[in-house]
Amino acid sequence: MMHAGIEAELHADFADFSLRVSLSLPGRGVSALFGPSGSGKTSCLRALAGLMRPRGFVRFADEIWQDDAKKVFVPTHRRAIGVVFQEASLFAHLSVRGNVEYGLRRVPPAQRRIALEQAIELLGIAPLLDRRPQTLSGGERQRVAIARALAVSPRLLLMDEPLSALDIGRKEEIIPYLERLPHELDLPIVYVSHAPDEVARLADHLVVLRAGKVLASGPLSEVLVRLDTPIRLGEEAGVVLQGEVAEHDETWVLMCVSFPGGRLWVRRENLPLGAPLRLRVLARDVSLARSPHQDASVLNVLPARVEAIGEDEHPADALVRLTVGESALLARITRRSLARLDLHPGQTVWAQIKAVAVLR
Amino acid sequence: MSAGAWAALALSLRLAAVTTLVLFLIGTPLAWWLARTRSRFKEVIAAVVALPLVLPPTVIGFYLLLLMGPHGPVGWLTQQLGWGLLPFSFSGLVVGSVIFSLPFLVQPLQNAFEALGDRPLEVAATLRAGPWDRFFTVAVPLARPGFLTAGVLSFAHTMGEFGVVLMIGGNIPGRTTVASVQLYEFVEAMEYGEAHRLALVLVLFSFAVLLLLNFFGKRKR
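First to last, the sequence lines map onto chains P and Y.
Heads up: the first sequence is residues 1 to 360, going by this note's numbering.
Heads up: the second sequence is residues 1 to 221, going by this note's numbering.
Next up, chain P with everything else stripped away, as it sits in the complex:
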């Protein structure tokens, strides 16, 4: 039977915490392992890479990489992976070209799916090839490290906080490259991060780890709207919508983004029609009305269905989960408004969306 994706059962005991994790990740797109430091996310990634050997089981697609019951353990250099670490860790004794070609030369030509030129072009490092790693900036180094990992034609790319050692400007320099990877190479990526903004921009699948255990796991849009164990990316509850540019309005400097279930007007950005992008809508920016107001300043008013009502952090507030077409939204309203509007699941309301952040 053919499998897709990653299955892993990982058990390990360390001095300060124990890892008890069962992972099931899709075979495409970006799966983010998200959690504070010490939650076990890096340990999971190292176990997938074979750089650490906890007790358990690891399967990727139709290959068993570790099975303690059968005493199977495939060493790192025989796993079809590419790994990008937090620090670029380029080989100091080789040029940029030597670094990128190091892994490539060890892959039999028949197994090469990504051409060297493609890796170099995707990361824009052609002008750097003859430089020494010591002479590169932090962002350049990390781009070389990513190209080096891609040059081995991995079937799975593992990234361990690849941006956390960089300042904001350098992050912005690299994120667009990362956004292109899963689409252009059809390469599943496991992305470890503690940064909410990176996860919101890049993740398709989200695994939230806390103290060595999985707190939540599922498609990003589903995990973010859970009301039982609220998962927040950063301070605020909210959702991430995947959409594309549908229309430009030059007069009012706005653009319209269509997402599964609706359209939202946001500030215009210099993007072509059809360009994919992500929108972040925070619960605090969504208010509810029983009828559509034509006389309000709010630009985006969408018909929505109340799915569920849950508690919020402050006892005065409630979180309401809504569906707009195929997409879900969260709204934060006061309990008093909840009572006044007499909201309950199944009802149709109007979601007034005051602010939308474009994530790119």
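It should be emphasised that the hints constitute simulated quantities derived from the structure, not laboratory data.
C-beta: ideal position from N, C-alpha, C; glycine also.
Treat the hints with care, since some could be wrong.
[To be verified] Covered stretches of chain P (chain Y as the covering partner; in silico rule of three or more C-beta atoms under 8 Å from a C-beta of chain Y):
#1 80-87
#2 139-153
[Stated by the list, open to error] Label pairs and their calculated CB-CB ranges:
#3 P:Ile168 x Y:Leu55: 53 to 63 Å
#4 P:Arg97 x Y:Trp6: 47 to 57 Å
#5 P:Asp13 x Y:Lys42: 22 to 32 Å
#6 Y:Gly69 x P:Asp13: 52 to 62 Å
Chain P is fixed; fit chain Y onto it per the hints.
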């Protein structure tokens, strides 16, 4: 310089070269193991390797003489193998020098390997390099300054040894009389002119070696 002095110098150079070569072959794996193992025997082995640093050379020479002599276990073995006895031969000198100079090779190499850390080797593993491949294409080039220091120190230290050589090799001209022993003999025989010349050659040689080491060390950084 007299023919005897030249012969002694040539023998010293040959001994130092062979010793350094043998040391690299057995010292490199030992240094690698010491740098990377988590075994509880690590400290014991490290102490054994360091022992020649603190022992008087004559003590090492004395025990080696007993071990390799006709009544010692090593002597018995070499006789069984048809190699004869090692003391008072060039091979015996090599064995003694290797043991005596072991810490001078192992310690700089071990430090260089430890300074690498795990990361470069982990990266190499993720780039499909197996253990041997990782060692030769990543660890060795990155530890190059350590190899240079280790080689030069071992060579120079072997050139300068006296006690071990005298105990094991005695003083057989052309076979075991190395430069340091020859110098001692010149002084014993009150041939100060010969002693001066040989001593000066040794000083110049050592100085040149250290100068070269500094030069190469700096250029690479």
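Okay, the hints, checked on the actual structure:
no.: 1; hint: 80-87; result: holds (count 5)
no.: 2; hint: 139-153; result: holds (count 3)
no.: 3; hint: P:Ile168 x Y:Leu55: 53 to 63 Å; result: 59 Å, holds
no.: 4; hint: P:Arg97 x Y:Trp6: 47 to 57 Å; result: 50 Å, holds
no.: 5; hint: P:Asp13 x Y:Lys42: 22 to 32 Å; result: 24 Å, holds
no.: 6; hint: Y:Gly69 x P:Asp13: 52 to 62 Å; result: 55 Å, holds
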